[in-house]
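A.B. asks: Each chain is listed here by its residues.
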Amino acid sequence: MYPIENSGDLIKNKRRQLLSRAMWVGVGSNVFFLGLTSLLTDISSEMVTATLPLYLLLSLRLAPLQFGLIDGLNQGASVLVRIASGLIADRWRRTKEVATAGYAFSAVCRIGLLLVGRNWLALSGVVLLDRIGKGIRTGPRDAMIAASVPSEKLATAFGVHRAMDTAGAMLGPLLATGLLAFAPGAYDAVFIVSFCFAIVGVAVIALLVESRAPAADVSATDLPPLSSQIIGQLLARPDFRALVLISSALALTTLSDSFIFLTLQRKFSLNLGLFPLLYVGVALIYMVLAIPMGRLADRWGRRYVFLGGYGLLAVIYGLLLLPGLPQTLSLGILLLQGLYYAATDGVLAALASAVLPEQWRTTGLAIMTTGIGLARLLASLGYGALWTYLGSNQALGIFLIGSTITVLLAWIFLNRVERKTDGTGH
Amino acid sequence: MEQVISHQRRQKIFLWIVLGCIVLAVGYTYWAIQRGNATAALIPEEPQGAALPIAGPNELAAIQNEHHLVFINEKEPYIGKVKLVELDSGSPRRAQTDLLCGRVHFAAGNGLCLAYDSSSDFVWVTVFGADFQPRHQFTTQGIISRARVSPDGRYAAYTVFVSGHSYNDANMSTATILVDMATGASLGNLEEFETWKDGQRYQALEFNFWGVTFAQDSNRFYATLRNGDKTYLVQGDVAARTLTVLHENVECPSLSPDGTRIAYKKLLSGMWQLTVLDLATMKETPLAEKESIDDQVEWLDNQRILYQKVDYDPPQWVSVFVLAADGSGKPEVFVPNATSAVVVR
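Top line first, the protein sequences correspond to chains A and B.
Numbered according to the working numbering, the first sequence spans residues 13 to 438.
Numbered according to the working numbering, the second sequence spans residues 1473 to 1817.
Just chain A, same shape as in the assembly (with noise of 0.2 Å):
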């Protein structure tokens, strides 16, 4: 049945698959620098983030409308640049150059931090500077890693990406609290050790990692046109379209973290101390369960991950609704955010680009997280005015109904959509 082959090369073939399964589950070291970049840079800006005190002025001073607003438009703020960063990355083929400007846009960031002074308004125009600069690297970066593994590991790729995303955003606030016990009220050398880290970081992306793409060797006359018209084409292709929509229609139910962490402080009256070890416990869960979840989605099907990633969502609105829990109950809470992010972040990512042009595959991630960002940021507006209107249990158990409907009906729709593709099943 099968050919015989040298048995030394087949020894050979099998090392080095074990070896590179041992590293990095088998993705490549391009993956791994990649999100080695942006381990670096989440240390940088949660670093930042962590510092500042915007999250009691935001979480903690303000309505819940005014809090959504604000929220909605931190999420929303990198939204306008996507595109376009996708659009220019994909007509040149430089995913890589535009990713790396990305990220040393956010680096620049950090001095315009010590710079500012401490000046709030300054400082917040800052850190949204800093959100333009995520919003022009994502797409790329998304791009990058789709282009460095196979097909059938996309999902495992994304995993270890957002993992090693992860740990950066939680190394950052430890790394941060603990220079300022060292060095108390030395925010500048907060600011300048972040910006090291953001440094380093975009020379691991400019120097290690290597741009799979076939480069801009092609002439000038065979790329094609920069033009809207490209967003239009792209969408018209069924399985894309119908990712973008599904994706769009389950974010608009998607509590933000912040949402759901105001809930569970009220419900369980938690100490607002423990408010930012919420965040650190479902990274932490999330960190743990990305790459094993990738696996899954790509052995299982990624749908079904992702759907069912969805699905836990709507059982932690569930579970925030019913009366009489006990506190522990919490803890369960947030382990299940963890589970939910992991299924679903990297897992999508995954998705899209399976069934997106490897040429304008940085366009259509664009497109997706687009939609998903103005979709949440409607999220965040809805929710915060229905909890300001209606009460937040009225508001969750809308979201709960909406949330629900939606993953039936993406269910449906993508399995539809599947057959009709005839996809790999996956």
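Worth flagging that the hints you see were computed from the coordinates, not collected in a lab.
Remember, it's a predicted structure, so these values are computed and weren't measured experimentally.
Misleading hints may appear alongside valid ones.
What the hints assert, rightly or not - Every beta carbon over 12 Å from chain A, so not counted as near; a handful from chain B, in silico:
id	residue
1	Gly-1528
2	Asp-1589
3	Thr-1612
4	Ser-1635
5	Gly-1671
6	Gln-1688
7	Asn-1691
8	Ser-1728
9	Glu-1763
What the hints assert, rightly or not - A few chain A residues that face chain B, going by a derived Cβ cut-off under 7 Å, partial list only:
id	residue
10	Phe-194
11	Ala-195
12	Ala-198
13	Ala-201
14	Ile-204
15	Val-205
16	Cys-208
17	Ile-211
18	Val-212
19	Ala-215
20	Leu-219
For each residue, glycine too, the CB sits at the ideal point set by N, CA and C.
Let chain A serve as the given structure and place chain B on it in line with the hints.
C.D. replies: What follows is chain B alone, placed relative to chain A:
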């Protein structure tokens, strides 16, 4: 081949960048730690609203377990009454006492309070304990100036103007008295001590002493001596009852917690410049306070000092300011509407 070379070069550049970043990050952090707490967080502002009630013994004890500041509240409705606030805390505890003082100092559970009684024109000198209740009390006459308790709480020293009312006044006369905190008894006026200068007995009729600061062993102390139009830093010994002249033009010395430096006011063309004197090298460092300061400063830690001056915001109010002790930075309000700050270690 080009690819290989460029790959190796890229790795080399990467290593250099990492190295540079590590050096910058570690170096800057090290410097920030060394710089100490020059830009450190000040005491967070007191929440608005009704004033605190007078604290009970438990509240007092709770704060006294922590690193805290004792000062005189200059805010209604407790103007002139001693208050405590926790240090190094994002949401510090505060306790208001009922003790009325014009100048206060406190160490190791023993406090000294000077209070002017306008009805009798006396100054009440009160020795009090950790409960802020009077233990010993006696009266003297004059105008309240300085008070200091030794680090172990054994001795205290206070200064009043006997005639005149300012260190600017050429005809003023001061009395600086040592107090045994256990009994409340006087250990004598510094004018009764033997004074030495350049290895010889130094005597004059119009010696004036003020501004005692104690070393960690509580026996050694420093103070200002004025003879004629000159002031000197003297080092004293409580047990031996001697004083030795060390340096010229030093007023109201305050010894740093590590015992290496003295912060003081130096008379320069009619204004008092806050200055730090290194006792090992006798090197003087002017501090970044441009206004004339008439206070005996208190060390917040080994890098920063506290002192009172008029705060123009709100206008004409006295506040406690904090300033780096190495000549850098600029003064910042540490506790608004407060005087006589004491760091309790």
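A.B. asks: For every hint, state whether the structure bears it out.
C.D. replies: Hint by hint, here is what the structure shows:
1. Gly-1528: The claim holds: Gly-1528/B sits with its nearest Cβ about 25 Å from chain A, beyond 12 Å.
2. Asp-1589: The claim stands: Asp-1589/B keeps its Cβ more than 12 Å from every Cβ of chain A (closest is about 42 Å).
3. Thr-1612: Holds, because the least Cβ-Cβ distance between Thr-1612/B and chain A comes to about 41 Å, which exceeds 12 Å.
4. Ser-1635: holds, 45 Å
5. Gly-1671: holds, 45 Å
6. Gln-1688: holds, 24 Å
7. Asn-1691: holds, 33 Å
8. Ser-1728: holds, 18 Å
9. Glu-1763: Correct as stated: the minimum Cβ-Cβ distance to chain A is 23 Å, above 12 Å.
10. Phe-194: holds, 5 Å
11. Ala-195: It holds, given that the least Cβ distance between Ala-195/A and chain B is near 4 Å, below 7 Å.
12. Ala-198: Where the cut-off is 7 Å and the nearest Cβ of chain B is about 4 Å from Ala-198/A, the hint holds.
13. Ala-201: Hint holds; Ala-201/A Cβ to chain B Cβ min 4 Å, cut 7 Å.
14. Ile-204: holds, 5 Å
15. Val-205: Since chain B brings a Cβ to about 5 Å from Val-205/A, closer than 7 Å, the hint holds.
16. Cys-208: holds, 4 Å
17. Ile-211: At 5 Å from the nearest chain B Cβ, Ile-211/A passes the 7 Å test, so the hint holds.
18. Val-212: holds, 5 Å
19. Ala-215: holds, 4 Å
20. Leu-219: holds, 4 Å
Hint compliance for this structure: no hint is broken.
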